[in-house]
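A.B. asks: Letter by letter, the chains look like this.
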Amino acid sequence: MRFLFKTHYNQDIDHLKHGGDRFWYGLLLVLVAAAPAALGTFYLGELNLVMIYAIAGVGLMLLVGYTGQVSLGHAAFLAIGAYTHSLLLGAGLPFLLSIVAAVLVSALVGAGVGWIALRMTGIYLAIATLAFAMLTEQTISRAEWLTGGFRGLAVPQASLFGMPLTQGWQHYYVTLTLLVVTLLAALNILRSSTGRAMVAIRDSEISAESVGINLAVYKTLAFALSAGITGLAGALFAHRLGYLSPDAFTFLISLQLLLMVVVGGVGSMRGVIYGALFIGFLPQLLAIARDTLPPQIAQAPGLEPGIFGLILVLVILFEPQGIFGRWLKIKSYFQLFPLYRRATHRRQKTYLRTERLR
Amino acid sequence: MVNFAQGDLMMLGAFVAVTLIGDFGLPWVLGLLLSVLALAVFGYLLDAFVLRRVLGEPQFAIVMLTIGLGFIFRAVAGLVWGYDPQSFPTPYTGKSLRVGEVVVSYENFAILLGTLILCVVLFLFFRRTRLGIAMQATSQNQLAAYYVGIPVKRVFSLVWAISAGVAAVAGILLAPVSLVQPGMGFIGIKAFAAAVIGGFGSIPGALLGGWIIGIAEQFAGVYLPAGFQEMSAYGILILALILRPQGLFAQIQRKKV
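Sequence lines, in order, name chains Z and H.
With our numbering as the guide, the letters of the first sequence map in order to residues 1 to 358.
With our numbering as the guide, the letters of the second sequence map in order to residues 1 to 257.
Check each hint, because a few of them may be wrong.
[Claimed, not checked] For lysine to any residue, the following SDA-like pairs were computed, each having C-alpha atoms within a straight-line distance of at most 25 Å:
(1) H:Lys190 with Z:Gln138
(2) H:Lys190 with Z:Thr121
(3) Z:Lys329 with H:Gly56
(4) H:Lys190 with Z:Ala248
(5) Z:Lys17 with Z:Phe337
(6) H:Lys190 with Z:Ser141
(7) Z:Lys6 with Z:Ala248
(8) H:Lys190 with Z:Lys6
(9) H:Lys190 with Z:Ala143
(10) Z:Lys329 with H:Leu55
(11) H:Lys190 with Z:Tyr124
(12) H:Lys153 with Z:Leu314
(13) Z:Lys329 with H:Pro58
(14) H:Lys153 with Z:Lys6
(15) H:Lys153 with H:Gln140
(16) H:Lys190 with Z:Phe251
(17) Z:Lys329 with Z:Arg2
(18) Z:Lys329 with H:Arg53
(19) H:Lys153 with Z:Lys329
(20) Z:Lys329 with H:Glu57
(21) H:Lys190 with Z:Phe337
(22) Z:Lys331 with Z:Asp14
(23) Z:Lys17 with Z:Arg326
(24) Z:Lys331 with Z:Tyr25
(25) H:Lys190 with H:Ser202
(26) H:Lys190 with H:Ile203
(27) H:Lys153 with Z:Leu317
(28) H:Lys190 with Z:Asp14
FYI, nobody ran anything at the bench for these hints, they're computed from the structure.
These numbers were taken from a predicted model, which means no experiment stands behind them.
Using the sequences and the accompanying hints, generate a full structural model.
C.D. replies: Here you go:
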């Protein structure tokens, strides 16, 4: 076990706590940056998608994992980001400006939703966000003069610094840069007073309110941040899709995003990355598994959502802390080697319908 | 406890009824009773083996769990019964009732009558019987209910059995009007809207909420441009949540420290 000798207060809030962290994250960065040289077009594209998922996941994690507000409607923010970006690109705005605008528009809508959702908690919030996503989907499919409805909307070619983005590796580096920026921004927010306030709201609204945190402001802010980041992912997702139509942003996408957060581990940014890897590569795994299954089952059209549901159920039942939680348990098992006790990680259960103990 | 898989339980109920009545040729009433019973048993077992494990964990876990279950049910139903919509034979299909000038088809009349009977039965059950009151107590405070001697776990399972049975009834009533297919459970979201508008824990409220949504959808379909019909239920839901988040007939009072 490693004991850190702290000589400065800032060490408490360092992102990288010690040399081991610095080494491994540096190595990861080098590997990810070198990936286009080693990977083929297909896997590079998949990795790109994983990173887009990760950006959306960071947005959702800020809301679900750190502010404790459930959202079943994040596909709507993804859609808003994607459509805003494509429309503005089509209107001749430069790539970067159009992405910023997409983020701002989604954040604004998110703030609106957050403001409406202020009085709701728990399931009511989940239902309201679900209704919001349904409304958005319907609006997009009906507003044909703007979005093309079900005929779809072609995403224009983007160019960055006068260089057209056509190759896979160009998109890859754009996404990678934005992911790193997003992650750093999110982590910095989390160690600022804003982030601490959000975590306090997650742990108990009443105690947060009693230490002077303005619930309305911070909840709306959390929604806006989360929606803005998801909108950014949506803008990148638009390039990945190439052609936008409302059925690309269904409830299943919202569920996938939530599944990512839950499977990765609620309440950790590393969990987002694990979850994104999981969600991104699950379809490949399913495709491989299909070859071994009997054709009646393998060819069934509803198999994929079913598997998603099954994984969700299994994770909630057996590892509510997700992959990151399992990793923590394995790590502490080896760190404490003969002394590890299962009860260390037991979750507290509450049987009262009150939010005092939450 | 909240159930996002209710619509899918309804779908399962309808499929079981179709199988029993259409394929096995059971008499209609017997098939209906058997499928309600089957779903009730299924609900009981579902709670006993799956849902009981998350009792006492944050509501988020329960929401996610039931959503996941809904997806599983839909996939399983698709595997077993296929994705082609099936029609549901009833003794009253195609006939209609004439009351003065108004003509109502028996299918819709059955829905009306079935809903009314169901509501009265449930209302009386939750007001008058020991078990119903025990269920309300459990829903309000599990710990206190346990202290006064209510077998909380069994009561929870029974609640799930009842809710699955009611879902089966809803599925059987709906089946003749809309065809039976794995996606029919999506109406469950609207049922949620109804329950939220009326206020959770209030059966008359749910009835009124469903009524409001149904009327609004029809009016939106007639008087507003296309597309508003599908949107109206969600619009009303959001409006209701803004204006009166606790529902029209709220059972739960505002939480106090």
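A.B. asks: Are the hints correct? Go through all of them and say.
C.D. replies: To see whether the hints hold, each was checked on the structure:
1. About 15 Å separates the Cα atoms of Lys190 (chain H) and Gln138 (chain Z), which keeps this hinted pair within 25 Å; it holds.
2. Between Lys190 (chain H) and Thr121 (chain Z) the alpha-carbon distance is near 19 Å, which keeps this suggested pair within the 25 Å criterion.
3. Proposed proximity of Lys329 (chain Z) and Gly56 (chain H) is supported: the alpha carbons are some 22 Å apart, at most 25 Å.
4. A threshold of 25 Å between alpha carbons decides the hint, and for Lys190 (chain H) with Ala248 (chain Z) the separation of about 22 Å falls inside it, so the pair holds.
5. At roughly 22 Å between alpha-carbon atoms, Lys17 (chain Z) and Phe337 (chain Z) fall within 25 Å of each other, so this suggested pair holds.
6. With a C-alpha separation of about 20 Å, the suggested pairing of Lys190 (chain H) with Ser141 (chain Z) holds against the 25 Å cut-off.
7. With a C-alpha separation of about 50 Å, the suggested pairing of Lys6 (chain Z) with Ala248 (chain Z) is violated against the 25 Å cut-off.
8. Between Lys190 (chain H) and Lys6 (chain Z) the alpha-carbon distance is near 56 Å, which puts this suggested pair outside the 25 Å criterion.
9. Taking the CA atoms of Lys190 (chain H) and Ala143 (chain Z), the gap is near 23 Å; set against the 25 Å cutoff, the hint holds.
10. For a cut-off of 25 Å, the pair hint linking Lys329 (chain Z) to Leu55 (chain H) stands: about 23 Å separates their Cα positions.
11. Between Lys190 (chain H) and Tyr124 (chain Z) the CA atoms are separated by roughly 14 Å; this keeps the pair inside 25 Å, and the hint holds.
12. Under the criterion of a C-alpha separation no larger than 25 Å, the hint pairing Lys153 (chain H) with Leu314 (chain Z) is consistent with the structure, at around 21 Å.
13. Using a Cα cut-off of 25 Å, the hinted pair Lys329 (chain Z) and Pro58 (chain H) holds, with the two alpha carbons roughly 21 Å apart.
14. Annotation: proposed proximity of Lys153 (chain H) to Lys6 (chain Z) is violated, straight-line Cα distance about 49 Å (limit 25 Å).
15. For the hint pairing Lys153 (chain H) with Gln140 (chain H), the CA-to-CA distance comes to about 14 Å; that is within 25 Å, so the pair holds.
16. Between Lys190 (chain H) and Phe251 (chain Z) the CA atoms are separated by roughly 15 Å; this keeps the pair inside 25 Å, and the hint holds.
17. Straight-line distance between C-alpha atoms of Lys329 (chain Z) and Arg2 (chain Z) comes to about 16 Å, which keeps the hinted pair within the 25 Å bound.
18. Between the alpha carbons of Lys329 (chain Z) and Arg53 (chain H) the distance comes to roughly 20 Å, so the proposed pair stays at or under 25 Å and holds.
19. About 30 Å separates the Cα atoms of Lys153 (chain H) and Lys329 (chain Z), which puts this hinted pair outside 25 Å; it is violated.
20. Between Lys329 (chain Z) and Glu57 (chain H) the CA atoms are separated by roughly 20 Å; this keeps the pair inside 25 Å, and the hint holds.
21. Distance check on the hinted pair: Lys190 (chain H) and Phe337 (chain Z) sit about 52 Å apart at the alpha-carbon level, beyond 25 Å; violated.
22. Our distance criterion of 25 Å between C-alpha atoms is met by Lys331 (chain Z) and Asp14 (chain Z), whose separation comes to about 21 Å.
23. The suggested pairing of Lys17 (chain Z) with Arg326 (chain Z) holds, with an alpha-carbon distance near 21 Å, which does not exceed 25 Å.
24. Annotation: proposed proximity of Lys331 (chain Z) to Tyr25 (chain Z) holds, straight-line Cα distance about 17 Å (limit 25 Å).
25. Restraint check: the Cα-Cα separation between Lys190 (chain H) and Ser202 (chain H) comes to about 16 Å, which is no more than 25 Å; the hinted pair holds.
26. With a CA separation close to 16 Å, the supplied pair Lys190 (chain H) and Ile203 (chain H) stays within the 25 Å bound.
27. A C-alpha spacing of about 17 Å is found between Lys153 (chain H) and Leu317 (chain Z), which places the hinted pair at or below 25 Å, so the restraint holds.
28. For the hint linking Lys190 (chain H) to Asp14 (chain Z), the alpha-carbon distance of about 48 Å lies beyond 25 Å, and the restraint is violated.
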